[in-house]
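Once you've looked at the hints, dock chain D against the given chain P.
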Amino acid sequence: MSAILNTAGAVVSDHEARRTVRRERINAAIRYVLLGAVFLVMLYPMLWLVGSSFKSNSEIFTEIGFWPSKFNLGSYAKGWKTTSEYTFATYFLNSFAIIIPRIIVTVISCVLVAYAFARFEFHGKKILFGIMVGTMMLPTIILRLPQYLMFKELGWLDTYLPLIVPSAFATDTFFVFLLVQFLRGIPRDMEEAAQIDGCNPVQLLWYIIVPLLKPAIISVVVFQFIWTMNDFMGPLIYLSSVEKYPVSLALKMSIGATEEVEWASVIAISVVALVPSIVVFFLAQRHFIEGASSSGIKG
Amino acid sequence: MYENKKIGFIFVLPFFLGVLGFKLFPFVMSLALSLTQYDIINPPEYIGLENYKELVADPLFHKSLSVTLAFVALTVPLRLAFALFIAHVLNFKLRGINFFRSAYYLPSILGGSIAVSVLWRFIFSQNGLVNMALSRIGIEPIQWLADEHYAMWTIVLLNVWQFGSAMVIFLAALQNVPTSLYEAAEIDGASKWQQFLRITIPLITPVIFFNLIMQTVNAFQEFNGPYMVTEGGPLHSTYLLSLYIYDQSFRFFNLGYGSALSWVMFAMVVSLSAISFWSSKYWVFYSGEKDKK
Numbered sequence: 001m002s003a004i005l006n007t008a009g010a011v012v013s014d015h016e017a018r019r020t021v022r023r024e025r026i027n028a029a030i031r032y033v034l035l036g037a038v039f040l041v042m043l044y045p046m047l048w049l050v051g052s053s054f055k056s057n058s059e060i061f062t063e064i065g066f067w068p069s070k071f072n073l074g075s076y077a078k079g080w081k082t083t084s085e086y087t088f089a090t091y092f093l094n095s096f097a098i099i100i101p102r103i104i105v106t107v108i109s110c111v112l113v114a115y116a117f118a119r120f121e122f123h124g125k126k127i128l129f130g131i132m133v134g135t136m137m138l139p140t141i142i143l144r145l146p147q148y149l150m151f152k153e154l155g156w157l158d159t160y161l162p163l164i165v166p167s168a169f170a171t172d173t174f175f176v177f178l179l180v181q182f183l184r185g186i187p188r189d190m191e192e193a194a195q196i197d198g199c200n201p202v203q204l205l206w207y208i209i210v211p212l213l214k215p216a217i218i219s220v221v222v223f224q225f226i227w228t229m230n231d232f233m234g235p236l237i238y239l240s241s242v243e244k245y246p247v248s249l250a251l252k253m254s255i256g257a258t259e260e261v262e263w264a265s266v267i268a269i270s271v272v273a274l275v276p277s278i279v280v281f282f283l284a285q286r287h288f289i290e291g292a293s294s295s296g297i298k299g
Numbered sequence: 001m002y003e004n005k006k007i008g009f010i011f012v013l014p015f016f017l018g019v020l021g022f023k024l025f026p027f028v029m030s031l032a033l034s035l036t037q038y039d040i041i042n043p044p045e046y047i048g049l050e051n052y053k054e055l056v057a058d059p060l061f062h063k064s065l066s067v068t069l070a071f072v073a074l075t076v077p078l079r080l081a082f083a084l085f086i087a088h089v090l091n092f093k094l095r096g097i098n099f100f101r102s103a104y105y106l107p108s109i110l111g112g113s114i115a116v117s118v119l120w121r122f123i124f125s126q127n128g129l130v131n132m133a134l135s136r137i138g139i140e141p142i143q144w145l146a147d148e149h150y151a152m153w154t155i156v157l158l159n160v161w162q163f164g165s166a167m168v169i170f171l172a173a174l175q176n177v178p179t180s181l182y183e184a185a186e187i188d189g190a191s192k193w194q195q196f197l198r199i200t201i202p203l204i205t206p207v208i209f210f211n212l213i214m215q216t217v218n219a220f221q222e223f224n225g226p227y228m229v230t231e232g233g234p235l236h237s238t239y240l241l242s243l244y245i246y247d248q249s250f251r252f253f254n255l256g257y258g259s260a261l262s263w264v265m266f267a268m269v270v271s272l273s274a275i276s277f278w279s280s281k282y283w284v285f286y287s288g289e290k291d292k293k
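First to last, the sequence lines map onto chains P and D. In terms of the UniProt record's numbering, the first sequence opens at residue 1 and continues consecutively. In terms of the UniProt record's numbering, the second sequence opens at residue 1 and continues consecutively.
Next comes chain P alone, as it looks inside the complex (with noise of 0.2 Å):
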C-alpha cells in the first residue's frame, strides 16, 4: 500500500500540490462555517435562555438578543421561593437524597457483572448475556405499572426505595453493557500476572480491574447523575408529598399551579435546574464523551 503511495506522490507535480493545499483550507473554512451555524441554532435558545432569566417579565417577550438590558435578580429570587411551602432548597437536596445512594449501588453492582461477563465462564452465561441486550430494547413503560403494584406490597410507596433498590440489582443493563465493552478491550496481561502473583479474583477486582475501569466507571457516574436528575415519570409515580419532591417534579408543579404560567421565575428556576447537570458534565466531559462511545463499538 504505502509503495503505490510513494509512487503516487512522485507523480503529482508542485501546481497540483499547491491546489491541494488550497483546496484543503476552503474545505477547513466551509467546515467552520458550517460548524459555527449549526453551533449558533443549536445552542442560541439555551444561551437566550440564561439571559432571559434576569429579564423583567415584559422585555421577555420582545427582546430577541440575549443580553438584558440591566440584570434583574427578582425572578431568582421569586422562583427560588416557590409558590409551595418549601424552597428550591429541600428540593435539590431531596433530588441529592436520591442521586447519590443511587449512583453508589449502580457503580457496585454494574461493575460486578460486567467483571463476571467479561473474564469468567459460567453456565447460561450467553442466556444471560442475551437478556441483558434484549432488555435494553424493551421499553421500559410497560414494565411501570406491574412495578409499581410490587412496591405497593412492599409498603415502598412515597419512599425514594423504587428509586433507588433497582439500581442496587444491575438493572440499568446499557451500564453493564458500557462497562462489559470497555472491559474487553483491556488486555489481560497485569490480571494474568498478578494471577500468577497469587491474586484472588475479589483482589484482582479492586486492584487492577476497578483502576483500569475508572474512566468508563466516570462515564457511568456522570449518566446516572444527570438521567436521574432527568428523571420524571418515576417520581411522578411513586412520589405523592411535596416535601419529598425531587426538583423535576417541583419544576412541573411551578408551571402548573397558575393558569398564567409566571414565566421569569419558572425560567430562572429551570436554569438554576440546569446547572448541576451541566457543571458534571463539563467536569467530566472528556472520559464521558470517549466512554459513551466506546460503548456502540468495538470489537
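Keep in mind that the hints were calculated from the coordinates and are not lab data. Treat the hints with care, since some could be wrong.
[As the list claims (entries may be wrong)] One-sided excerpt, in silico: chain P residues whose CB lies under 8 Å from chain D: (1) Ala28; (2) Leu49; (3) Leu112; (4) Trp206; (5) Tyr207; (6) Ser248.
[To be verified] Derived lysine to aspartate or glutamate pairs resembling EDC-like cross-links, with alpha carbons at most 20 Å apart: (7) Lys63/D <-> Asp247/D; (8) Lys6/D <-> Glu121/P; (9) Lys63/D <-> Glu231/D; (10) Lys152/P <-> Glu45/D; (11) Lys78/P <-> Glu243/P; (12) Lys252/P <-> Glu231/D; (13) Lys252/P <-> Glu262/P; (14) Lys152/P <-> Asp247/D; (15) Lys93/D <-> Glu183/D; (16) Lys81/P <-> Glu192/P; (17) Lys192/D <-> Glu63/P; (18) Lys192/D <-> Glu262/P; (19) Lys63/D <-> Glu148/D; (20) Lys81/P <-> Glu243/P; (21) Lys252/P <-> Asp247/D; (22) Lys70/P <-> Glu59/P; (23) Lys152/P <-> Asp39/D; (24) Lys53/D <-> Asp39/D; (25) Lys244/P <-> Glu85/P; (26) Lys78/P <-> Glu262/P; (27) Lys252/P <-> Asp158/P; (28) Lys93/D <-> Glu231/D; (29) Lys63/D <-> Glu186/D; (30) Lys252/P <-> Glu85/P; (31) Lys81/P <-> Glu63/P; (32) Lys93/D <-> Glu59/P; (33) Lys214/P <-> Asp189/P.
By construction, the Cβ of each residue, glycine as well, lies at the ideal position given by its N, Cα and C atoms.
For chain D alone, kept in the frame of chain P given last:
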C-alpha cells in the same frame, strides 16, 4: 479466562436477581394484568381479551397510535441523518473541534429534563423566541402549541435537537474507518461524495443499525416532551401512546386497560426491531476478521 464457574456466577448474581425480580416478573405480570379489569381497590377480575377488543373500538387509541407512528417516523430518520451528518463534519481534524463535539452533545444530555421541556414550551410560546425570529423575516407568528398542525413539530424538533448521543457513536465509528481506503479512492479519482457513499456508509452500517434500533425504542418511550410542552394536545395531536398508557394506568387507574395498551406498544417495538433485524442481512456488513491487521 477463569475456570471457576461458581465465582463467575456469584458476581453476576445481582443482575440475575434484578432481571428476574424487576424485569421478567413484571413483564409476565403485565401480560396477565392486560387480561383483567383492575382498579387497584377491588381485586383484579379476569376478562380474557376484552381489553384488546375494547382497544379496537377506541377512537382515542387509534388517534394515539397514529400520532405515535408519525412521531417515530419523523424523529428517528431526522435524528439519525443529523447525527451522521454532523459526526462526519466533526470527524475532521480542525483546531477546537473538541469544543464543538461537547457543545453538540450537551442538548442530548439535558434535553430529556423537565427544565428543558419547560424552556422549550417558552421558546415556542406565542411571543417566544421562535416567533420573534420569524417576525424578523416577515413571517406571521405561528401558534406552535395551540395549533394541531404545528404542535407535533415542536416535540419532533425537541427530539431531533438531541441527536448528540447517536452522533457520538457515529463519530467513534467514523474514526475507525481506515484512512488508507480514502487515500486509495482519492487516487482512483473518487469524489468526496462518492467516498462517503461507497466507503463510509458501508463500513459503518453495523453502527447505523445499532443506532436505528436504540433510537426507535427511545422514540416510542418519549414522555417528558409531549407531557410538559404540549400536554398531549391540542386535540390530542401529540397524545403519544406513552401518555395514554400513563393516563389510563396512573390517573384513571384502569390497570388492565393500561397494561393492554403497553402490550400494544411492546408488540410494535418488537415487530419494528424484528423487521430491522431481518432486513439487516441485506444492508449491514460486518467486516469481521478480514479487516484486522
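Hints and how they fare:
no.: 1; hint: Ala28; result: 6 Å, holds
no.: 2; hint: Leu49; result: 5 Å, holds
no.: 3; hint: Leu112; result: 5 Å, holds
no.: 4; hint: Trp206; result: 13 Å, violated
no.: 5; hint: Tyr207; result: 16 Å, violated
no.: 6; hint: Ser248; result: 4 Å, holds
no.: 7; hint: Lys63/D <-> Asp247/D; result: 15 Å, holds
no.: 8; hint: Lys6/D <-> Glu121/P; result: 9 Å, holds
no.: 9; hint: Lys63/D <-> Glu231/D; result: 15 Å, holds
no.: 10; hint: Lys152/P <-> Glu45/D; result: 19 Å, holds
no.: 11; hint: Lys78/P <-> Glu243/P; result: 19 Å, holds
no.: 12; hint: Lys252/P <-> Glu231/D; result: 12 Å, holds
no.: 13; hint: Lys252/P <-> Glu262/P; result: 13 Å, holds
no.: 14; hint: Lys152/P <-> Asp247/D; result: 18 Å, holds
no.: 15; hint: Lys93/D <-> Glu183/D; result: 16 Å, holds
no.: 16; hint: Lys81/P <-> Glu192/P; result: 58 Å, violated
no.: 17; hint: Lys192/D <-> Glu63/P; result: 43 Å, violated
no.: 18; hint: Lys192/D <-> Glu262/P; result: 52 Å, violated
no.: 19; hint: Lys63/D <-> Glu148/D; result: 13 Å, holds
no.: 20; hint: Lys81/P <-> Glu243/P; result: 14 Å, holds
no.: 21; hint: Lys252/P <-> Asp247/D; result: 16 Å, holds
no.: 22; hint: Lys70/P <-> Glu59/P; result: 10 Å, holds
no.: 23; hint: Lys152/P <-> Asp39/D; result: 14 Å, holds
no.: 24; hint: Lys53/D <-> Asp39/D; result: 19 Å, holds
no.: 25; hint: Lys244/P <-> Glu85/P; result: 12 Å, holds
no.: 26; hint: Lys78/P <-> Glu262/P; result: 10 Å, holds
no.: 27; hint: Lys252/P <-> Asp158/P; result: 18 Å, holds
no.: 28; hint: Lys93/D <-> Glu231/D; result: 43 Å, violated
no.: 29; hint: Lys63/D <-> Glu186/D; result: 51 Å, violated
no.: 30; hint: Lys252/P <-> Glu85/P; result: 15 Å, holds
no.: 31; hint: Lys81/P <-> Glu63/P; result: 26 Å, violated
no.: 32; hint: Lys93/D <-> Glu59/P; result: 42 Å, violated
no.: 33; hint: Lys214/P <-> Asp189/P; result: 18 Å, holds
Hint check: violations occur at hints 4, 5, 16, 17, 18, 28, 29, 31, 32; the rest are consistent with the structure.
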